[in-house]
Amino acid sequence: MEITLPLLVNLVLNGLVLGTLYFLLASGLSLIFGVMSVLNLAHGAFFMWGAYTGLAVLLATGNFWLALAAGAAAGAVLGVVVERTTVRFLYGKHLQQILLTLGLMLVLGELVQVIWGPQLHGFPVPAFARGTVFILDYPFARYRAYVLGAGAAVLVLLFLLLHRTKLGLIVRAGVENPDMVQALGVNVSRVFTQVFALGAALAALGGVLAGPFFRTAWPQMGNDLQLYAFIVVVIGGLGSVTGAAVGSLLVGLGEALMGFFYPEVAMAVNFGLMALVLLIRPWGLLGSEADHH
Amino acid sequence: MSKSQATEERLVAAARPAGVRLGWGAAVVAIMLVLPFFAGSYTLAVLIDAFIYGVFALSYNLLLGYTGILSLGHALFFGLGAYAVAIPVVRMGWSLGAAVMLGIGLSVVTALVLGSLSLRVRGVYFSMVTLAFAEIVHVLAIKLSRFTGGEDGITRIPAPAWLGDRTSFYYFALLVLVAVYLGLRLLMASPFGRTLIAIRENEARAAALGYDVFAHKLVSMVLAGLLATVAGMGNALFFSYVSPSLLSSLTTIDVLLMTMVGGAGTLVGPVLGAGVVEVLDTVLSSFFRHWLLVFGLIYIVIVIFLPKGIVGSVADWLVRRPAGGAPARR
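Chains as they are written, first to last, in the numbering used here: chain A, 1 to 293; chain B, 1001 to 1330.
Chain A on its own, in the form it takes in the complex (with noise of 0.2 angstroms):
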């Protein structure tokens, strides 16, 4: 097929909203890595109780607002109650950890299968967002359309949460130096379980706006989701923000680019991506370089 400039066009914005499904699965693996160095491997069931809960308000309210901030809110709260109960006995201890939220993993997964069964959901857009747009004659359904803003509304706010609230200095000085944070006299239990409830209900508002996207909620999707936000931290670096956001962005337009011209191997694309960044800057594009031993 001719690569034309509207083709192009078209998909250049089919990964960007790729790119935003994963950057809001990234950002919160990254926050939570970098404010109290857990590696959070039940993220992707944070993302699919997301998708579940809001999938659940939305047939019972008819309501797709309701259903992100229902979702939303599962998720953080979620994040709350495994981070006091469970994972904040293991910080520093790395491997307990990595198996920690392993088991976590499989729980909250198979949780969700025993609630709602192994089989897959349809997931309806909501009405306001159906139909599609043409884009210099291409066709790109709507709703891909509002993820996308969404995903730039999140982007914003996360940046003023980060760069202008008491709480988000407190978070970009615990990414620098926790233990100087700690040794100012700060609450820094308190600010962990912030962190893990916002990077778990950043996960699950991914998920609520995934479920129209896939238009199917199904019980792999939690791991299966998890793996490019993984891939967006390795190339962008664990523990920065905008790392995930340059890495979600390279990994969604890979993806959309390399899916469209050879579907079968749009994964090996991802493959490359990390090993060139592994052998020229292996603690990611906007790691620093310290974080990575």
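In short, the hints are calculated from the structure, not lab data. Please note that a few of the clues may not be correct.
Unchecked claim - A short, non-exhaustive set of chain A residues, derived as facing chain B with CB atoms under 8 angstroms:
1. 89
2. 95
3. 96
4. 99
5. 100
6. 102
7. 104
8. 107
9. 113
10. 265
11. 268
12. 271
13. 275
Even for Gly, the Cβ is constructed at its ideal location relative to N, Cα and C.
Following the hints, complete the assembly by docking chain B onto the known chain A.
The following block gives chain B in isolation, referenced to the frame of chain A:
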């Protein structure tokens, strides 16, 4: 993996003469040798599965228990072994011997490439990178269905005639497991093995003493990958079936749990863990529809309350119990 644990291992080892320990091992092997005369075919099948996973767990333990690196992508090598037998033999009509050679070659090359990439980062970064690489290969195996059969996998992989009946397979699997166990025992007693443990205990110090940490870790990854490949080949031949789930992170989680349940950093632990998890899996999955839920909870409980696993905890208990008395070092 603390220093005190290493010390305790030595103390426990010193508390009992080597002959006694060897005697126990020989007794267990002897029981396993006569078992086919009493046990039914189904029991043998569960045990063969446990032996195969025992080799897989021993390979994983080389990384986690002895080198101190947590790979979340070890399923890649297990699946590689399985597919390296399945694709050439079923799709291309190769002989099994040729396929095995190809698999071993591929395994070494893959371990060298992925090892030199992923060992550039440490700690949780390493875990994440290995997980991502393995999952990418998992997805590719599903997508490239022309070669791999996609989600359906490849069926009817012929086992050679001498492995045709279950009892022969049982003895062969037992032989491989014992050989791998003894081989690893020798390896860990060698200067190379001692250096791996030094790296696990204190990487900076090992490097300062002049050991090439990267090279040692890389060799450890190649060896572990090779053993996992062998286990994967055994799995493909035993079930005469391969599917992409062999490559999934759940397979790595399985082997990780086996290693942790038995006790990472001990040689008996992973084998015992493989047996325990395999039997639990067989029994519990027939009772519970949501077996993974139980599996995950067991996981969390072990991580929080029994981080040293069965063998590590028993060793602790042996050291602390009064009758054992503060064992003097001979």
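Margin query: Min Cβ distance, residue 95 of chain A to chain B: is it shorter than 8 angstroms?
Written below: Interface hint status for residue 95 of chain A: holds (6 angstroms vs cutoff 8 angstroms).
Checklist line | Given hint residue 99 of chain A near chain B, where the shortest CB pair must fall under 8 angstroms | finding: Cβ of residue 99 of chain A sits 4 angstroms from chain B, so the hint holds.
Checklist line | Interface hint compliance - residue 107 of chain A to chain B, C-beta minimum distance less than 8 angstroms | finding: 4 angstroms, holds
Margin query: Under 8 angstroms is the threshold here; is the Cβ of residue 89 of chain A close enough to any Cβ of chain B for the hint to stand?
Written below: 7 angstroms, holds
Next item on the list: Grab the minimum C-beta distance from residue 275 of chain A to chain B and call the hint holds if it beats 8 angstroms, violated otherwise.
Entry: At about 6 angstroms, which falls below the 8 angstroms cut-off, the nearest Cβ of chain B leaves the hint on residue 275 of chain A intact, so it holds.
Next item on the list: Closer than 8 angstroms between Cβ atoms is the bar; does residue 265 of chain A clear it against chain B? Give me holds or violated.
Entry: 7 angstroms, holds
Notebook entry, point to check: Close enough to count: is the Cβ of residue 100 of chain A nearer than 8 angstroms to one in chain B?
Noted result: 5 angstroms, holds
Next item on the list: Mind checking the CB of residue 104 of chain A against every CB in chain B and telling me if the closest is under 8 angstroms?
Entry: Holds. Min distance 7 angstroms.
Margin query: Is the interface hint satisfied for residue 96 of chain A? The criterion is a beta-carbon contact with chain B at less than 8 angstroms.
Written below: For residue 96 of chain A, the interface hint holds, since the closest Cβ of chain B sits about 5 angstroms away, which is under 8 angstroms.
Next item on the list: Would you settle whether the hint for residue 271 of chain A is holds or violated, based on the nearest Cβ-Cβ distance to chain B being less than 8 angstroms?
Entry: Hint on residue 271 of chain A: holds, closest Cβ of chain B at ~5 angstroms, below 8 angstroms.
Check: Regarding the hint that residue 102 of chain A lies at the interface with chain B, is the smallest CB-CB distance below 8 angstroms?
Finding: 6 angstroms, holds
Notebook entry, point to check: Was the hint right that residue 268 of chain A lines chain B, CB cutoff 8 angstroms?
Noted result: 6 angstroms, holds
In summary, the structure agrees with every hint in the numbered list given earlier.
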